[in-house]
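Protein chains: 2
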Amino acid sequence: MKAPIDFYFDFSSPYSYIANEWIDAMAARHGRTVQRRAILLGVTFSAAELKSPVSYPIKRDYAMRDFQRSARFERVPYVQPDPFPIPTQNAARVFWWLKDSEGETAAAAWARAGFRAFFTRGVPLNEPAALKALAGEAGLDPEAAEQAWNNPMWKERLKRANDEAIAAGVFGAPHFVIDGEPFWGNDRKPQIEQWLASGPF
Amino acid sequence: MKAPIDFYFDFSSPYSYIANEWIDAMAARHGRTVQRRAILLGVTFSAAELKSPVSYPIKRDYAMRDFQRSARFERVPYVQPDPFPIPTQNAARVFWWLKDSEGETAAAAWARAGFRAFFTRGVPLNEPAALKALAGEAGLDPEAAEQAWNNPMWKERLKRANDEAIAAGVFGAPHFVIDGEPFWGNDRKPQIEQWLASGPF
Chain P
7 MKAPIDFYFD FSSPYSYIAN EWIDAMAARH GRTVQRRAIL LGVTFSAAEL
57 KSPVSYPIKR DYAMRDFQRS ARFERVPYVQ PDPFPIPTQN AARVFWWLKD
107 SEGETAAAAW ARAGFRAFFT RGVPLNEPAA LKALAGEAGL DPEAAEQAWN
157 NPMWKERLKR ANDEAIAAGV FGAPHFVIDG EPFWGNDRKP QIEQWLASGP
207 F
Chain L
7 MKAPIDFYFD FSSPYSYIAN EWIDAMAARH GRTVQRRAIL LGVTFSAAEL
57 KSPVSYPIKR DYAMRDFQRS ARFERVPYVQ PDPFPIPTQN AARVFWWLKD
107 SEGETAAAAW ARAGFRAFFT RGVPLNEPAA LKALAGEAGL DPEAAEQAWN
157 NPMWKERLKR ANDEAIAAGV FGAPHFVIDG EPFWGNDRKP QIEQWLASGP
207 F
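Top to bottom, those sequences are chains P and L.
Here the first sequence stands for residues 7 to 207, numbered as in my numbering.
Here the second sequence stands for residues 7 to 207, numbered as in my numbering.
Chain P with its partners taken away, still in its complex shape (with noise of 0.2 Å):
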């Protein structure tokens, strides 16, 4: 039995929303499992005394060039969302609320449709109403949305999963761990699938 492959995301990075959408079937045709962690890279940056590429002007030019270039070529849909980056507690809060009561594949489902929304449809994963709204065509009960990110055991739950990240040196998304080995970037994914067709090179 092959280790999962742990993926560190945060719903507003757009290189972790194009690297969620060809994880799972690159881990399946390897024989392992994802197990997604959603956390808030604003946590993660701080710790690491880093800031947001795009908070840097001129990397700001590139990367914004540089995102939908590398959708294009991953053949990923991608529209630039205004405002961005947004914050994505109450998103990563539901995130987590599914994956502790309902498990992986819940929790995988919801990251695909927050993904989704915000990078193809510019739906504001940060407003209250929107992100209730996504929750309901999500297949997701509204309210009980609602109630999961407003309660302190999903607020507490997340804080614990960016202590967690902080603590196996995660200081950018997406980052994925197999077999103990780091692979920070969504440009990382010819190593990635070396490592996992070949193990460590």
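Misleading hints may appear alongside valid ones.
As the list claims (entries may be wrong) - If you want the footprint, here are the derived chain P segments under chain L, 3+ residues with CB under 8 Å:
1) 50-60
2) 68-82
3) 191-202
These are computed hints drawn from the structure, not numbers from a lab.
A virtual CB, placed ideally from N, CA and C, is assigned to each residue, including glycine.
We have chain P; now place chain L onto it with these hints.
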């Protein structure tokens, strides 16, 4: 006649070294030539209000691992130099002296020699005696090389190269520009290859 590939690099950049090992063969496969441009990353970091990734301890830990893994992935020999990073203005001035007086081929040979010396044998390019010896090994006149890096003309040429890089939006290395399209990072290799093979995507 297809446009050449602009390749901005710093002699102390591991990902630039790795890219330097594959870019010529890839360019040749697609009927392109490469125009190298030695710069000082410290200057472009500063212009973009960035710092080196290895100046952040948590990111550094990952980067030091990723440099070596990325080199193995590309089957390029790599021995982490120490001290690292180092100031590379003298090596870069020798590059511009060769490029402007003898042409791209001589400059590219020096780039290869400098990168390989630093990243496989830890030759400290920042130490005049070591750099002079390396110039001799690389078939240059060591005295002429030393005169070049002390010559205000080549100091000025490197400054101009840094200014041109900043004007072109360069904030890290390796940075490639192909048909006006910017690609930052050794890890943009698959996208670069697709662009060269089939054009814009």
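Checked hints:
1. Residue count for the stretch 50-60 of chain P with a Cβ under 8 Å from a Cβ of chain L: 4. That meets the three needed, and the coverage hint holds.
2. Counting residues of the stretch 68-82 of chain P whose beta carbon lies closer than 8 Å to any beta carbon of chain L gives 7, which meets the minimum of three for the stated coverage.
3. Residues of the stretch 191-202 of chain P with a Cβ under 8 Å from some Cβ of chain L number 6, which satisfies the need for three, so the listed coverage holds.
Violation of the numbered hints given earlier is absent; every hint is satisfied by the structure.
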